[in-house]
Amino acid sequence: MLLQINTPVPKDIPLDLPLPEWLLVTLLIVSFLFHIIFINLMVGGSIITLWAQIKGLKNKQYDLFAYEIAKTITVNKSIAVVLGVAPLLSINTLYTVYFYSANALTGFAWIMIIPLVTIAFLLTYLHKYSWTVMSKHRGIHIGIIALSVLIFLFIPLIFLTNVNLMMFPEKWGTVKGFLSALVLPNVFPRYFEFLGACIAVTGIFIVWYNGRKNYPFEDIYYTFTRAQIKRIGYHIALIGLAAQIVFGSIVLMTLPAKGVSFEVIEIMGVAGGLLVLALWWIWKTIKDTDERLDKHFWKIAIAILAFMVCYGGSRQMYRHNALDKHQRMMASHTASFQAMSKEARESPVEEEMDLVIDESLGDLAKGTALFQASCAGCHQLDQQLVGPPIKEMKQIYEGDEEKLIAWIKAPGKKRQELMQMPGFPQIPDEDLKEIAKYILSVE
Amino acid sequence: MDFPMFHLDWLNDRFLIAVIAIIHVMINHGLAVGFIPYITWLEYKGVKNAPPDQITDNKWDNLIYNKMKVAFIITTTIGAMTGVGIWFSVALVSPSSIGSLIRVFYWAWFTEWVVFVTEVVLIMIYYLTWKNSNKSLNAKLKHIRFGAFLSIASWITMVIIVSILGFMMDPGNWNTDKSLLNGFTNPIYLPQLAFRTPVAMLVGGVFGMLLTTIFSRKDSEIRTKAIKYAGRWVLLWTPFAIAGAIFYWNVMPEAMKANMSTAVGSMDFEQYYDLLKYFIVGAASLSIILAIWALAKPKKVNFAVVVLPCLFVFGFLGIFERVREFVRKPYVIGNYMYSNLLREEDYPLYKKDGILKHATYASVHEITPENKVMAGRDVFILTCSRCHTTNGINSIIDVFENMYGKGKPLNEQAMATYIPAMHQGRAFMPPFPGNKKELEALVAYIKQLQESGESLQGAQSAGVAINPLNAVDEVAKGLEAEAAQNKDNETTK
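Residue numbers (our numbering), protein chains in the order written: chain A, 206 to 648; chain B, 32 to 524.
Keep in mind that the hints were calculated from the coordinates and are not lab data. Be aware that one or more of the hints could be misleading.
Here are the simulated lysine-lysine pairs, DSS-like style, with alpha carbons at most 30 Å apart [said to hold, decoys possible]:
| no. | chain 1 | residue 1 | chain 2 | residue 2 |
| --- | --- | --- | --- | --- |
| 1 | A | Lys-599 | B | Lys-437 |
| 2 | B | Lys-437 | A | Lys-618 |
| 3 | B | Lys-508 | A | Lys-376 |
| 4 | A | Lys-547 | B | Lys-508 |
| 5 | A | Lys-547 | B | Lys-439 |
| 6 | B | Lys-508 | A | Lys-381 |
| 7 | B | Lys-173 | A | Lys-265 |
| 8 | A | Lys-596 | B | Lys-478 |
| 9 | B | Lys-308 | A | Lys-618 |
| 10 | A | Lys-333 | B | Lys-166 |
| 11 | B | Lys-166 | A | Lys-418 |
| 12 | A | Lys-614 | B | Lys-437 |
| 13 | A | Lys-418 | B | Lys-100 |
| 14 | A | Lys-530 | B | Lys-508 |
| 15 | B | Lys-162 | A | Lys-596 |
| 16 | A | Lys-571 | B | Lys-383 |
| 17 | A | Lys-530 | B | Lys-518 |
| 18 | B | Lys-166 | A | Lys-376 |
| 19 | A | Lys-599 | B | Lys-439 |
| 20 | A | Lys-376 | B | Lys-388 |
| 21 | A | Lys-530 | B | Lys-388 |
| 22 | A | Lys-381 | B | Lys-388 |
| 23 | B | Lys-100 | A | Lys-276 |
| 24 | A | Lys-547 | B | Lys-518 |
| 25 | A | Lys-596 | B | Lys-437 |
| 26 | B | Lys-162 | A | Lys-276 |
Beyond 12 Å from chain A on every Cβ pair, some chain B residues (computed) [to be verified]:
| no. | residue |
| --- | --- |
| 27 | Trp-72 |
| 28 | Arg-134 |
| 29 | Arg-457 |
Note that CB positions come from ideal geometry on N, CA and C, so glycine has one too.
For reference, chain A alone in the conformation it holds in the complex:
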């Protein structure tokens, strides 16, 4: 037999999209952008906190710096979560079948996101609020943030695995659990590019945060100056950007060919150019004097933002290309299924299971058939099954059809050792009469 790739073609949800596709796509990209910035700050912030706190063991100023960043994580994380719902909603709507299929195939890891992130969040609070209490136990205190950093580092892998897997229905048949989906091509390069972005965005954030006029910088630090901290921020951003450029290039080279088009490459190229530009400005800033640290700030920030828009846009284009054919096939398949369903609805087959009427039974034929269909699962002729045998029924209700029918409609509770019989008020009265006739006729 030929070894062939088995690509499933599910049927789509047969309901129209609630909005025009372009609008949903726009909503997806824009809302995702906001979400990911705060995710960057949350992940990057916790990594920088960890780093600064370790450095703070030797140099107290870094401990203060770590504390200041730590305070921002808990706020950014809340915003990140609530902002995540909108892109989730949009991607669910646009790519229902693809996204949910990927979720189910990696289901265990996917649902673990909830408890894991909850734990990481609680740890960040614990870490923040125990800063002074645990000043004597810095090792343990650092352990707390290290643990939450570990979790924060793991969670994006689950998301990336999912948005990657959803683009490759041809792999769904081969995936067995999260780990096997994790090793599909392109997940790891994207992941490291993302980590670079976390560091870069956090670096820029640090520069901005410490430059604000109403930030009581001088009350907090006693030796660090604003310029020094800004420099730290720029250095962090420099490292992040460099990592992004390296891993971004690897992403581009390992991109599975299926969704690649010239437009995708072009836009990714532009995105890369923006990163290089930002890197260049940062480099110039670092080389410059303390007074001129803000000179390129907004240019850098905007270049990074523009990069995100381009990168996000090109990823969406890639996704679109990758799934286009499959989506079309799915749409036709859905339509033909619906046509079949309609046909079956209009000319239903004989109820092969429900009523098998044996005409030879004459007058009792209908009653017997009805009893077989609704009651025989629990009642037999002369043996107790779930309920009492039919013979016993006859004894009890001999000559009192009314009462028998009343029981069937709304059974009471008689035999303690048996379960409660369900009621059958939905059976029409004439059918109940037939059933009763059958019961009262057995011998």
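Chain A is fixed; fit chain B onto it per the hints.
Showing chain B alone in chain A's frame:
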């Protein structure tokens, strides 16, 4: 059918959703809707009872701040994540239903999201500006006003969310109007709101009292005062909670009937429904006793005294949620989609062809004596696994053994007679969708399950087997044939 089936073979899929949703509701009601007005009220009391030369009673303010801190931490961690968790778990367990719902009710979800964002942002502002606002009386009063505003905002979130829950449970509106307004006109909407509002307040107050016993020193004056205030709060809301609960309780069977295609109560519903009576009486009397005790003997109130009533009032909320869940069965979307994720309108087709033929993921599509049990497993996954496990909670073996005798070998014939009629006697289950061969395969599988005790892995660990009839090759062939036929039809015309 069209999605890989995630399945938790011990915990039960529905249970997963229920646990997450119930935790979320408890936190949303107890720690936001009911707690914030309580905190704001106490913050105000601090200003009112402040020593003449101060803005607020600082010790008192600190106690209230600490309580708010707990609520803040819990709502922005467990609260927020379980909110997202409902989505995640429903998407795993019930993808077709949530996928359909968001296509039709996209704006409803979107609104809910906007409300959610607003709430989180407001809570953050309220909490994070607390200490700064203590610098001037003006700022403090502004902060308190903000608290009042936040209280109203979080109540409004509840108003909207209850309505969203409402329209999903009302069978009529899906097939006819598909409008969010139906959520508000749903017969159980007002009773639900009348129940949830005071109970949330009650929970907030009792939880607040519990926190007081943690954050204040025994025999300190502020502790006595705080406990008395909590007592007053609880006493104030309890009568409303009782009234709301009775109101809600009374309309429940009505709603239940309206949602069942066949007007039968299920045994489970009845059991829970009966239990509710005791819960109403229990939670109400416990709250009253606690409140009176707090007012009369505040010094005697400690953690141990409050923890039980606290658990009980949380349970009070939870059990109503549980019962409400029943109202939805056997449909996930009233009169449109059954809880086994199959659309009612497709049943005639399944009856004709069987379900396996149309399943995207199935290891068998043509039943033979050799593959019968395997086919049965597929049928089980497709038609029973959303509600039944093989060996865990609500296991298929247990429910059949309950009928036919514990430990006794199951009789395939009897099961095969029971299953096609199961929706009649037990109206919370959808009708069995497959054909006769599939029914036989299913009972053969159940029988083997009983003998072997084997378990069943979901798609998250076992992956999926793709039905070749629904894979690219065959589908393309089918579509080509269809197109050719259409062309023929045109030319003959």
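Quick rundown of the hints versus the structure:
1. A:Lys-599 to B:Lys-437: holds, 27 Å
2. B:Lys-437 to A:Lys-618: holds, 21 Å
3. B:Lys-508 to A:Lys-376: Answer holds: B:Lys-508 to A:Lys-376 is near 21 Å, not above 30 Å.
4. A:Lys-547 to B:Lys-508: holds, 21 Å
5. A:Lys-547 to B:Lys-439: violated, 44 Å
6. B:Lys-508 to A:Lys-381: holds, 29 Å
7. B:Lys-173 to A:Lys-265: The given pair, whose Cα atoms are some 38 Å apart, is violated under the 30 Å limit.
8. A:Lys-596 to B:Lys-478: holds, 28 Å
9. B:Lys-308 to A:Lys-618: holds, 21 Å
10. A:Lys-333 to B:Lys-166: holds, 24 Å
11. B:Lys-166 to A:Lys-418: The given pair, whose Cα atoms are some 20 Å apart, holds under the 30 Å limit.
12. A:Lys-614 to B:Lys-437: The hint holds at about 28 Å.
13. A:Lys-418 to B:Lys-100: Between A:Lys-418 and B:Lys-100 the Cα gap is close to 28 Å, so the pair holds against 30 Å.
14. A:Lys-530 to B:Lys-508: With Cα atoms ~15 Å apart, A:Lys-530 and B:Lys-508 stay inside 30 Å; holds.
15. B:Lys-162 to A:Lys-596: violated, 80 Å
16. A:Lys-571 to B:Lys-383: Holds. A:Lys-571 to B:Lys-383 sits at ~23 Å (cutoff 30 Å).
17. A:Lys-530 to B:Lys-518: Distance of about 23 Å is within 30 Å: holds.
18. B:Lys-166 to A:Lys-376: The hint is violated at about 61 Å.
19. A:Lys-599 to B:Lys-439: Holds - the C-alpha atoms of B:Lys-439 and A:Lys-599 are around 27 Å apart, at most 30 Å.
20. A:Lys-376 to B:Lys-388: It holds: about 22 Å lies between the C-alpha atoms, which stays within 30 Å.
21. A:Lys-530 to B:Lys-388: holds, 24 Å
22. A:Lys-381 to B:Lys-388: holds, 23 Å
23. B:Lys-100 to A:Lys-276: holds, 14 Å
24. A:Lys-547 to B:Lys-518: Within the cut-off at roughly 21 Å; holds.
25. A:Lys-596 to B:Lys-437: holds, 24 Å
26. B:Lys-162 to A:Lys-276: holds, 15 Å
27. Trp-72: holds, 25 Å
28. Arg-134: Label violated. Min Cβ-Cβ 4 Å, cutoff 12 Å.
29. Arg-457: violated, 6 Å
Checked against the numbered hints above, the structure breaks hints 5, 7, 15, 18, 28 and 29 and satisfies the rest.
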